[in-house]
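Novice: One point on numbering: in the working numbering, the residue at position 50 of the sequence shown is 50, and numbering is uninterrupted.
It is possible that part of the hints are untrue.
[Stated by the list, open to error] Once the Cα atoms are required to be at most 27 angstroms apart in a straight line, the calculated DSS-like pairs of lysine-lysine come out as: (1) Lys137 / Lys159; (2) Lys235 / Lys318; (3) Lys202 / Lys338; (4) Lys89 / Lys159; (5) Lys36 / Lys159; (6) Lys112 / Lys89; (7) Lys36 / Lys89; (8) Lys112 / Lys2; (9) Lys191 / Lys217; (10) Lys137 / Lys277; (11) Lys112 / Lys137; (12) Lys217 / Lys89; (13) Lys159 / Lys202; (14) Lys217 / Lys202; (15) Lys338 / Lys191; (16) Lys137 / Lys191; (17) Lys217 / Lys235; (18) Lys137 / Lys202; (19) Lys277 / Lys191; (20) Lys137 / Lys217; (21) Lys235 / Lys202; (22) Lys89 / Lys202; (23) Lys159 / Lys191.
In case anyone wonders, no lab produced these hints; they're calculated from the structure.
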Amino acid sequence: MKIALVSPYDFTWPGGVTAHISQLSNQLIGMDHDVKILAPYSPSRADDLDHNVVPLGRAVPIPSGGSVARISLSAWLYRRVRRILEDEKFDIIHLHEPLAPYLPLAVLQSSKSVNIGTFHAFHGSNRWYRWSCPVLKHWFRRLDGRIAVSPAAQSHVGKFFPGEYRLIPNGVDLSVFSDDVPPLAEYMDGKINILFVGRLEKRKGFRYLLEAYSCLKWDFPNTRLIVVGPGNPDKSCYRILAERNIQDVVFAGVVHRQLLPRYYSTADIFCSPATGKESFGIVLLEAMAAAKPIVASRIEGYSYIMSHGQQGLLVPPKDSGALAQALALLIQNPELRKNMGNRGRIAVNDYSWTTVAQRVVDFYRLTLEGVNGSKA
1 MKIALVSPYD FTWPGGVTAH ISQLSNQLIG MDHDVKILAP YSPSRADDLD HNVVPLGRAV
61 PIPSGGSVAR ISLSAWLYRR VRRILEDEKF DIIHLHEPLA PYLPLAVLQS SKSVNIGTFH
121 AFHGSNRWYR WSCPVLKHWF RRLDGRIAVS PAAQSHVGKF FPGEYRLIPN GVDLSVFSDD
181 VPPLAEYMDG KINILFVGRL EKRKGFRYLL EAYSCLKWDF PNTRLIVVGP GNPDKSCYRI
241 LAERNIQDVV FAGVVHRQLL PRYYSTADIF CSPATGKESF GIVLLEAMAA AKPIVASRIE
301 GYSYIMSHGQ QGLLVPPKDS GALAQALALL IQNPELRKNM GNRGRIAVND YSWTTVAQRV
361 VDFYRLTLEG VNGSKA
């Protein structure tokens, strides 16, 4: 099949949706499909774009759901999009966040192919959907098939656009994230390593992990907190660090994708204290693939992936005391850490990209058959 994958977000910046599209593209190409990615971009960062990415429209940063969405708002997109679609004649156009401005809407308006939409978000779009729902219904009706990555994502979009959605989750590359990746030697000094991976944004809840760690450090001095991801701590985090004189907090910043699995391998415990608005939890899958026990917030997107007491422990969001208690339990029980990590390693097989991509392709074919059948 000839397939276009459409991203509303700047493909030169890291993010959950762009990572999903990139991985799906690799899998589809490996299955002998012809794939192109249509996405906005930042010209200054475009040198590293894959050869099959078609850059469309310069991206501008827009605040969204406690994060920043880098999207294109160019009014010239329609003409370029129409020409590309006429030249390529895709069998399937798979749009991610298909109702997000502006590129997906331009593609849907011009498409004569079978259109599939995947809905990822559980945050940031309520106001957009509520305000623009009457107008967006025009584009929503142009979707021949709809996918949601989780029940949380389906519930979010379904409030405004009810209909049938196929549930197909995000995936994880088990050839990259696994339990036999070598750890980073500089952190293998006998200390218990707690790992956080994510953007340092308010909704990721890093402040609560820092508060929990500041308490843990008194009772368990042989611990270390490793922080991986873009951004800088906010004022409240700096205040906690200064007032409590917390030691052994390592800010690794952005690390290369090839190096990231080694950070998971280095960890003894993975912690994701997000405060909400997460439709999924790719970082949880990565930790499970590395056979690491997890302490995470009990939010809808995370509860879909892991079960309390099985792959790790779930605690109330924004509760640094509960977070500290859960981390302390795992620090004191190496056998419990091992058992939870092993259970996670087994459970994550259902989310391998090989499995997920095949489910997507099966849905493509089913939708194609339905559309062709209705035209017969």
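Novice: Of the hints stated earlier, which fail here?
Specialist: Structure breaks hints 3, 4, 5, 12, 16, 18, 19, 20, 22, 23.
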